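Enquirer: Listed below are the residues making up each chain.
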Amino acid sequence: MDKKEEGSRSNDLDRVIENSRRDFLRKITLAGAVTVTGGAAIYSGHRFEKAKHREGYVKVLTEDNRLVEIPVEQMRDFKPDLKMLQSRGREGIPGRKWVMVIDLSKCRNARKCVEACQSAHHLRPYEYHINTLVMQESVNTPAFFMPKPCQHCDNPPCVSVCPVDATFKRQDGVVLIDNERCIGCRFCMAACPYSARIFHWQEPSQHEADSEKEYNVELNVPHKKGTITKCLFSADRLREGMLPYCVSACPNGVFYFGDENEDAVTNGTTKETVRFSELIEKNGGYRLMPELGTQPRVYYLPPKNRIFEFEEGEKREYKEEKA
Amino acid sequence: MRYRAGVILCLMLLPSFAKGQDWVVPEERRGRLSTFPFNDDTRKEGERLYMINCHSCHGDPGKNNYIVLQPSPGDPATEKIQKNSDGEIFHKVSVGRGQMPSFRSVLTTEEIWKVVSYIRSFNRDYVQKVMQVITSSAYPGAVISMKLAYDEAAKLVSVMASATSETGTVPVTGAGVRLLARRYFGLMQVDEEKTTDNNGTALFAIPESLPGDTAGNISFSAQFTDEQVFGSVSKDTILNAGAVTIPVSLTAKRAMWNTVRKAPVWVILAYGLGVLAVWGFIFLVMFRLRDIFTVGTELRERLQTSPGNQEPPKNQQI
Numbered sequence: 001m002d003k004k005e006e007g008s009r010s011n012d013l014d015r016v017i018e019n020s021r022r023d024f025l026r027k028i029t030l031a032g033a034v035t036v037t038g039g040a041a042i043y044s045g046h047r048f049e050k051a052k053h054r055e056g057y058v059k060v061l062t063e064d065n066r067l068v069e070i071p072v073e074q075m076r077d078f079k080p081d082l083k084m085l086q087s088r089g090r091e092g093i094p095g096r097k098w099v100m101v102i103d104l105s106k107c108r109n110a111r112k113c114v115e116a117c118q119s120a121h122h123l124r125p126y127e128y129h130i131n132t133l134v135m136q137e138s139v140n141t142p143a144f145f146m147p148k149p150c151q152h153c154d155n156p157p158c159v160s161v162c163p164v165d166a167t168f169k170r171q172d173g174v175v176l177i178d179n180e181r182c183i184g185c186r187f188c189m190a191a192c193p194y195s196a197r198i199f200h201w202q203e204p205s206q207h208e209a210d211s212e213k214e215y216n217v218e219l220n221v222p223h224k225k226g227t228i229t230k231c232l233f234s235a236d237r238l239r240e241g242m243l244p245y246c247v248s249a250c251p252n253g254v255f256y257f258g259d260e261n262e263d264a265v266t267n268g269t270t271k272e273t274v275r276f277s278e279l280i281e282k283n284g285g286y287r288l289m290p291e292l293g294t295q296p297r298v299y300y301l302p303p304k305n306r307i308f309e310f311e312e313g314e315k316r317e318y319k320e321e322k323a
Numbered sequence: 001m002r003y004r005a006g007v008i009l010c011l012m013l014l015p016s017f018a019k020g021q022d023w024v025v026p027e028e029r030r031g032r033l034s035t036f037p038f039n040d041d042t043r044k045e046g047e048r049l050y051m052i053n054c055h056s057c058h059g060d061p062g063k064n065n066y067i068v069l070q071p072s073p074g075d076p077a078t079e080k081i082q083k084n085s086d087g088e089i090f091h092k093v094s095v096g097r098g099q100m101p102s103f104r105s106v107l108t109t110e111e112i113w114k115v116v117s118y119i120r121s122f123n124r125d126y127v128q129k130v131m132q133v134i135t136s137s138a139y140p141g142a143v144i145s146m147k148l149a150y151d152e153a154a155k156l157v158s159v160m161a162s163a164t165s166e167t168g169t170v171p172v173t174g175a176g177v178r179l180l181a182r183r184y185f186g187l188m189q190v191d192e193e194k195t196t197d198n199n200g201t202a203l204f205a206i207p208e209s210l211p212g213d214t215a216g217n218i219s220f221s222a223q224f225t226d227e228q229v230f231g232s233v234s235k236d237t238i239l240n241a242g243a244v245t246i247p248v249s250l251t252a253k254r255a256m257w258n259t260v261r262k263a264p265v266w267v268i269l270a271y272g273l274g275v276l277a278v279w280g281f282i283f284l285v286m287f288r289l290r291d292i293f294t295v296g297t298e299l300r301e302r303l304q305t306s307p308g309n310q311e312p313p314k315n316q317q318i
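Residue numbers (this note's numbering), protein chains in the order written: chain A, 1 to 323; chain B, 1 to 318.
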């Protein structure tokens, strides 16, 4: 009985020794593998860092389409600062002469131009850069709708009267207002024969959300209380080769916009490009109040051959009635 | 008798009803089919495009909330529009009529088919016919290319279209071609649509006054009008066919509204002289005062120094 017990005990001991050896072998294999893997990882990391350091340059495409390499340490995130926005905003786009044509025979007061403009320039529904007016020349003549943006005159009276050089005309014809300089005297409002300008009597809409943004003179956002704002011909969009907000928003093909130097205007709805001079000549184009000698850059085509009846009110209202 | 009159009246009125409806699509365009089958993806994309481009006039399909116009736009879910063939809808969308603008330059061929796909989703009886062969090309297996050249004497731009295959190069004949000049906001059609002759050439007259850049260069693009047959082949080439245009800055001239440096000469002169005159007068007064002062002091000194001329007593005048 005792012998048996002894035998079994020695057997157990053997098993324990055996187990611990196996354990040891297993552990040492694991440790070895970890060491090798870790070493390899560190080594490859080292090689990668070394390789990265050896290159140390990034390829960058410059504005004039050149591929250049610059050191990584010299890379900076580009964000147009106020100085740059102001200087390019004053200068304008060289070689261009923007012109707008408004076909009154097609306007039926959809007001999409007004909405697009107000949402782009952060305006309230009663603040207009462009508005559609109801016009009637005399009692016997028919009424029609007339979208009226700033006329961007070639002889702008508003710019003449500005005492602080806040409003200015650029080489491409756009008349802008610099809210960084404007003192809110409203001389320009009084001088403008087209009533194109509005004054911020209260804090502009979205002024809290916009407060962190850099002031862009080509978008006139963020606005400032106590300054003037006006239609900008969407100067920021023109820079990107896009049609102004109002022009591309129109559902009825009312607006044409283009470069007079190229003698071409593009319809915002159909995107069709036509000869500017031909369009004006064939349709009897005219400008507003030519007797003042302001020489507007906005041309109108008369409201002839309209294929819809003039109805007071907005298009949206018909829909509501129908629904 | 009354019955007959009624029938005759109805028959007489029929053409006048038809008159408003009649929007004839050219025969060859009617049978045009989509190159891809309509499915949920095309319908979804079509809906998105419809909401942007069509919704403002045609309203929501099936709700009859289109706007009042003459001719009426109509609801796309109704029979008035659904009875059109795919090709007819495609043609009407791309060409337009009256108040309905042409969407040819706004939407691509594929996008218009997607809109058709969306419109068709409101018609339960509709079964789509898909074009069997994607390109029923007149020149199967050939690569179609175009070459543009300018003839300065005749003021003509020639577009030569040719199809190159393993068997050789042959001119593409009878193909409709458009010539477009690149402008800042898009492509402008020059002259009318032309058809290539037996040599595969189409000639376009260039108006003399068409402005080019400062050297008179214009970037032209030639396109086939029938993409279905020839594929969307187009060729861009810069030709010296335009009038030399030297842009003049609108702020170059002296004007009242311009910056200080570019103010009218008379303003600068008048202002400069005015300022000079005012300051001159101020200095004149100051110099005169100084003169009076110096004369006064000199006199006083002379009176004090000369012994014979003593200062008169204060009550001299009395």
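Worth double-checking, as some hints may not be accurate.
[Said to hold, decoys possible] Simulated pairs of lysine to aspartate or glutamate, EDC-like, Cα-Cα distance not exceeding 16 Å:
# : chain 1 : residue 1 : chain 2 : residue 2
1 : B       : 262       : A       : 154
2 : A       : 97        : A       : 165
3 : B       : 253       : A       : 154
4 : B       : 262       : A       : 91
Worth flagging that the hints you see were computed from the coordinates, not collected in a lab.
If you're wondering where the values come from, they're calculated on a predicted model, not measured in any experiment.
Enquirer: Determine for every hint whether it applies to the structure shown.
Expert: Each hint tested on the structure:
Between residue 262/B and residue 154/A the alpha-carbon distance is near 15 Å, which keeps this suggested pair within the 16 Å criterion. Distance hint between residue 97/A and residue 165/A is unfulfilled; the C-alpha atoms sit about 22 Å from each other, more than 16 Å. Among the hinted pairs, residue 253/B with residue 154/A is consistent with the structure: their alpha-carbon atoms are about 11 Å apart, no more than 16 Å. A C-alpha spacing of about 15 Å is found between residue 262/B and residue 91/A, which places the hinted pair at or below 16 Å, so the restraint holds.
Figure legend: structure checked against the earlier numbered hints; the only hint not met is number 2.
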